[in-house]
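Colleague: When you get a sec, could you build the whole thing from the sequences and use the hints?
Residue 32 is where the sequence shown starts when you use my numbering, and the numbers rise one by one after that.
These aren't lab readings, by the way, just hints derived from the structure by calculation. Backbone N, C-alpha and C fix where the C-beta goes; we use that ideal spot for every residue, glycine too. Wrong hints could be hidden among the right ones.
[Unchecked claim] Below 30 Å or equal to it, Euclidean Cα-Cα: the simulated BS3-like pairs (lysine-lysine) are: (1) Lys99 / Lys128; (2) Lys103 / Lys128; (3) Lys215 / Lys103; (4) Lys103 / Lys186.
[As the list claims (entries may be wrong)] Beta-carbon label-pair distances, calculated as ranges: (5) Thr80 / Ala212: 42 to 52 Å; (6) Phe71 / Asp101: 49 to 59 Å; (7) Arg72 / Met142: 35 to 45 Å; (8) Ala87 / Gly191: 42 to 52 Å; (9) Lys186 / Phe71: 13 to 23 Å; (10) Gln68 / Pro208: 12 to 22 Å; (11) Thr185 / Tyr133: 16 to 26 Å; (12) Asp83 / Ala210: 15 to 25 Å; (13) Asp105 / Gln137: 14 to 24 Å; (14) Gly191 / Tyr95: 32 to 42 Å.
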Amino acid sequence: MKKISLFAFLLFFITATSSAQEARKTKKTVQQGHTDQNKFRQMKDVLATPNDQHAASGAPGHQYTQQKVDYKMDIRLDESANKIYGDEEITYYNNSKDYLTYLWVQLDQNMRADDSKTPLTKSKSISNARPFVTTGDFKTSYMNEKKGFGYNITKVASNGTALSHTINSTMMRINLPRALAPGKSFEFSIQWNYLINDINKDG
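Modeller: Rendered as structure tokens:
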């Protein structure tokens with residue numbers, strides 16, 4: 032009888048200890064989440080390391096530089112076709128100490144393009160549940176007739192010579208014919224057009 036009681040006690044003790052350890056692990060995980068909540072954590076994990084470009088406070092350092100871009104635009108509205116046409120002359124100034132071999136141009140309107148992945152990033156959620164995309168949202172975004180939104184880039188050139196460029200969703204990379212040296216500028220032009228979306232229907 033004593034052996035049975037002792038065995039039962041040991042089994043209960045081991046089970047209780049394991050449960051307590053699991054509870055502590057769970058509590059620690061919930062407390063920490065995606066950030067380190069340890070009160071003795073090192074500040075280097077929280078604040079950016081100071082360098083010549085930025086001080087420890089985040090303020091600009093003595094080597095901080097900021098690029099400059101000038102735009103000259105000719106914008107035309109075609110009400111009958113519901114389109115906007117644009118011719119841009121752009122001058123990019125390299126104020127950094129680096130030689131640049133390419134430039135980036137942001138194409139925000141491409142978030143509405145027919146092949147855009149932006150709708151996949153939008154989701155609805157229920158409290159304490161994982162985000163989800165409804166079948167209705169999916170059908171509206173991917174199974175309807177193509178609308179032709181997004182930028183239609185018709186020309187990217189410098190001094191009449193076409194520039195090599197690659198468009199990836201909302202970003203366009205323009206490869207420069209030669210590296211742009213520090214303190215120098217580069218002039219180029221872009222021609223584009225896009226179909227105006229109905230904000231009430233298409234967002």
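Colleague: Does each hint hold? Answer for all of them.
Modeller: Do the hints match the structure? See the list:
Pair hint Lys99 plus Lys128 holds up; C-alpha atoms about 14 Å apart against a cutoff of 30 Å. As the CA atoms of Lys103 and Lys128 are separated by approximately 26 Å, the hinted pair is consistent with the 30 Å bound. Of the pairs offered as hints, the one joining Lys215 and Lys103 holds, with about 19 Å between alpha carbons and a cut-off of 30 Å not exceeded. Of the supplied pair hints, the one linking Lys103 and Lys186 holds, its CA atoms being roughly 16 Å apart against a limit of 30 Å.
Between Thr80 and Ala212 the CB atoms are about 28 Å apart, so this pair departs from the stated range of 42 to 52 Å. Phe71 and Asp101 have their C-beta atoms about 50 Å apart, which keeps the hinted 49 to 59 Å range intact. For Arg72 and Met142, the Cβ-Cβ distance of about 37 Å falls inside the hinted range of 35 to 45 Å, so the restraint holds. In this structure, Ala87 and Gly191 meet the distance hint of 42 to 52 Å, their C-beta atoms being roughly 49 Å apart.
Roughly 59 Å separates the CB atoms of Lys186 and Phe71, a value that falls outside the hinted 13 to 23 Å. A C-beta distance of roughly 52 Å is found between Gln68 and Pro208, which places it outside the suggested range of 12 to 22 Å. For Thr185 and Tyr133, the Cβ-Cβ distance of about 20 Å falls inside the hinted range of 16 to 26 Å, so the restraint holds. At roughly 22 Å, the beta-carbon separation of Asp83 and Ala210 lies within the given 15 to 25 Å, and the hint holds.
Here the CB-CB span from Asp105 to Gln137 is close to 20 Å, well matched to the stated 14 to 24 Å. In this structure, Gly191 and Tyr95 meet the distance hint of 32 to 42 Å, their C-beta atoms being roughly 36 Å apart.
Of the numbered hints given earlier, the model fails hints 5, 9, 10; all others are met.
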